[in-house]
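Put chains G and P on the given structure of chain R with help from the hints.
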Amino acid sequence: MSLDTLPRAMRNNHRRARPPGRRWRSRLDVKAMPYALVSPYFILFAAFGLFPLAFTLYYSLYDYDLTGTTEWAGLDNYAALLADSAFWRATLNTVSMFLLATIPQMLLALFLANALNKRLRFRLAIRMSVLLPLVTSVVAVAVVFTQLFARDWGLVNYLLGLAGVDPTNWRAERIPSWIAIATMVDWRWTGYNAIIFLAGMQTIPRDLYEAASIDGASRRRQFWQITLPMLRPTMIFVVLNSTIGGLTLFSEPMTFYNGNPDGGSQGQFQTVAMFVYKEAFREFDYGYASAAAWLLFLLILIGAAINFLFVRRIGGTK
Amino acid sequence: MLISKRRGGLAAASALAAAALAVSSCSSGSTPESSAPASSAAAEPVTIRVQTFGGGSNFGYKNAVDKWNAEHKDIQIKYENLTDQFEQQYWPQMIQWLTSGTGAGDVVGIDEGGMGLAKARTEWWADLKEYGLESRKADFPAWKWENGVAGDGKLFALGTDIGGMSICYRKDLFEKAGLPADREAVGALWPTWDEYMNVAKKFQDKVKDTKFADGTNTLYQVVLYQEAAKNGNISYFDTTNNLVVDKNPAVKTAFDFAQKMSQQGLTAKLRNFTDEWATGTQKGSFATVGCPSWMLGVVSGNAGDDGKGKWDVASVPGGGGNWGGSWLAVPKQSKHPKEAAQVADYLTQAQTEASVFTDFGNMPSNTKAQQDPAVQGAKNEFFNDAPIGEIFAKSAASLQPVFLGVKHAQVKNAIESVVQGMDDGSVPYDKAWQQLVDDAVKAAG
Amino acid sequence: MTVWKPTVLTRVLLGLAIFLSAFPLYWMLVIASRTNSDAVASPPRFLPGGNLGHNIVAVLTHPEAQFLQGLANSFIVASVVTFSVIIISTLAGFAFANLSFKGRNALLLLVLLTMAVPLQQMGVVPLYRLMVSLEWTGTLKAVILPYLLNGFGVFLMTQYTRQSVPMELVEAARVDGAATLRIWWNVVLPAVRPGMAVLGINTFMLMWNDYMWPLIVLNQDNPTVQIAINSLNARFSTEYSLIFAGTALSIIPLVLVFVLFGRQIVGGLMEGAVKA
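Chains as they are written, first to last, in the numbering used here: chain R, 1 to 318; chain G, 1001 to 1445; chain P, 2001 to 2276.
Heads up, some of the hints might be wrong.
Stated by the list, open to error - Stretch-level coverage of chain P by chain R, calculated; a stretch enters the list once three of its residues show a Cβ under 8 Å from a Cβ in chain R:
#1 2010-2018
#2 2022-2035
#3 2052-2064
#4 2183-2197
Treat the hints as calculated values from the structure; they're not laboratory data.
Bear in mind the structure is a predicted one, so any value in this text is a computation, not a measurement.
Quick reminder that beta carbons are idealized off the backbone N, C-alpha and C, glycines included.
Chain R extracted, bound-state conformation (with noise of 0.2 Å):
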């Protein structure tokens, strides 16, 4: 990923064997066009950008009350919220959701990935069908398995139960809630990955597995010694979207508890994003919300360091 390719001689070369009279236009065009190519971009960022960071920071000093009064708070609205257990409930709840969605979220799409690679008939209609849940929309499918899900009436309890196990309210208990919401996120998002990694899969040169055949290497080993390796690349750009996706969680918790943020009777499935968006829409407190959403920003920022280090481990070349 270096970001200097330019062959910076050759262009000079070339400019000076223009006509004179275009000369200074397109010495105008280089010199002024890329900073406008580029410019629509960062208007945009410091638009909505910069102006959100830097006003949440403004708001997360104050402390705003239902009843309309606004007061200077200075950093109270941080020392509350590392005192409040809510928040780290709900950062507990974000980040274990996130693992227990992505892990496997990761073994199945790379095994999917692996078996749509093989030779196969219908390819299209396949790839089509693993693709089928991102086309679909995030609350309607929330919706189905909130009710899949259900207590009392929902077929997974009901189809548990022929298998003799008691039922699990899946709302109130805090890990049946995050395996549920976990599944309808890998429902989502498991064939979108699988199709990626098939994707970069097909880059990898043919003859390096069959050199690897003729050295004896078993399929297994094949796998791990040259598919998960080249994919390296392909794996940031997914665990990435990923992490960024898992750790802002919140449309299906959010259905999952018929729209309300408080994510069961006792937070067990709010995720940060939630308490966000209660703080500043339930309780209309914009300061501890504000200074909530930094946190979330610093969580974010965590997750993408830790999860870049370790695919930079398991593609390790060695």
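Only chains G and P this time, still in chain R's reference frame:
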């Protein structure tokens, strides 16, 4: 192959865009504003959006709205019941709309638990005095009227219904359990809550797949309101808005009773006004539920036609009580405050409130409606022709309000989450009380 | 050449994967085509019933449901954002990948840093207050504008352009006297189409499924499709067949597009993903 794939990618993207354009132009052809298709008259009718909350038949305005719309071509009511849940959904959403200046309806329902805040934020509301509704004062008991008047004298809300108290029960299941099933006899079974619990145990011994009570929350509320009446008519806040959750014995008494019911396994562990609870009403997950007057419509609406005749209404243990009851207000952001005030006026008239009671069960706060013979003699077909007029109208005049603080709704949600949490197992029984107090303090913060 | 034949186990597991992908959608149709009491029947009903048309008509004509409006709004929001993000990203990506200018590396680093920030969630309070003070709440522009900022798009297109537009091509065009914008149009855009496809599909689906921000800034009378389902779910608490008919309706348009253009979408995703 490669090339056709590439073209395909762009083709797919442009197809999506084209489809989007097609749909968007379709929809702008038939604008959503045409919500009153019947009007072919010259003048476009004013649409007044009435927003309410509550399960089942909620405010019971269905027939009254149809009647108005048939009679008034110039003003059409659009009746939107937004959600079953007041504290968790409706009220925060409404607060957001009211503070942001758009989104709220022209006439909005407010539960008693939201009135403290509504009163404190008078800038949200239109002054109904400007539309001549001061004249309605004589129609309501003093407390109901005064709660709709803000400190600065602004008249911002008119009373709809009041609570009262009863127990709705499944007659057929009582028979199945070998208990008396006649409403007089059932009422005689439980003069006190201890006796109610004894009946519950007897019932539970005989019937396994139906729990006696719906959950901890409804019972907790019923007892809380009864006890509040014995403790200075306050619940979570005293009249100067100090949090008294840990000092008011009414709260602890109600909590202890709910906890005992739960520990004995007599509850279906359902939180009221959730989907599961509503489904549970239909599927017979529980045999009794605390029933203020407006709950009748919730039960009948949730149970559906299949429940007709299976349910009945008996008197409540521990004497009367007044849980719930609502008001209608006109947000300042309404573009048609005059017409909205007319609609609010209509919906709180004696005649309308009386018909709501006879059709659905919400007890009128309008005193003229309370005295209406049709109300006093009303029977409810769904509840086995129970004489609901006798049950509710008799005590209506004597009902007293419980003071609810500015942040009552927020504290109530926090407390009910704990009361529910100890029922569904997410809060240990021995820690529940302390957590209830802590969470209430936090919510009042 | 090794022949990679699938084992029986692979076939079975693939079949299972396809079944699991399709089952929730099938279940949606089952309930959408039945009655409310069927939805909570025990044992569950596994086959579709005959009420689908009835339930769909009920949702579409229900005065409170705003369903078509929600679908139309989502199409508008998702298309406008997708189109704009593609333009903004290909322009910037071209500049970062093929042009040289002072501060390029620093600016690109900034893009990379912002990529990991879910600004629409993090800055939700100020963005909301901004929309309130502009009196934009309840309008689609309040949903669209914040999402035009898409660091991922710029990053993706930078990577993609770098790999698929050889410098020689740009230089050759310059020799021919083409201005920068013309090069972007004639040389870069045709070469980065698969990248645009993958960015477009991602952005479209992101917007289509966005829930938190529209929930905050839109009202229920002018919803996106996710908000319409949410209010349907809140308003018709136990009318499962009606709610499920609504969820089915919200999914059908995209599934249709997907079925029609499946080859291109799968191809575009795969090709785009490799080079990024």
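A quick look at each hint next to the structure:
no., hint, verdict
1, 2010-2018, "holds (count 5)"
2, 2022-2035, "holds (count 6)"
3, 2052-2064, "violated (count 0)"
4, 2183-2197, "violated (count 1)"
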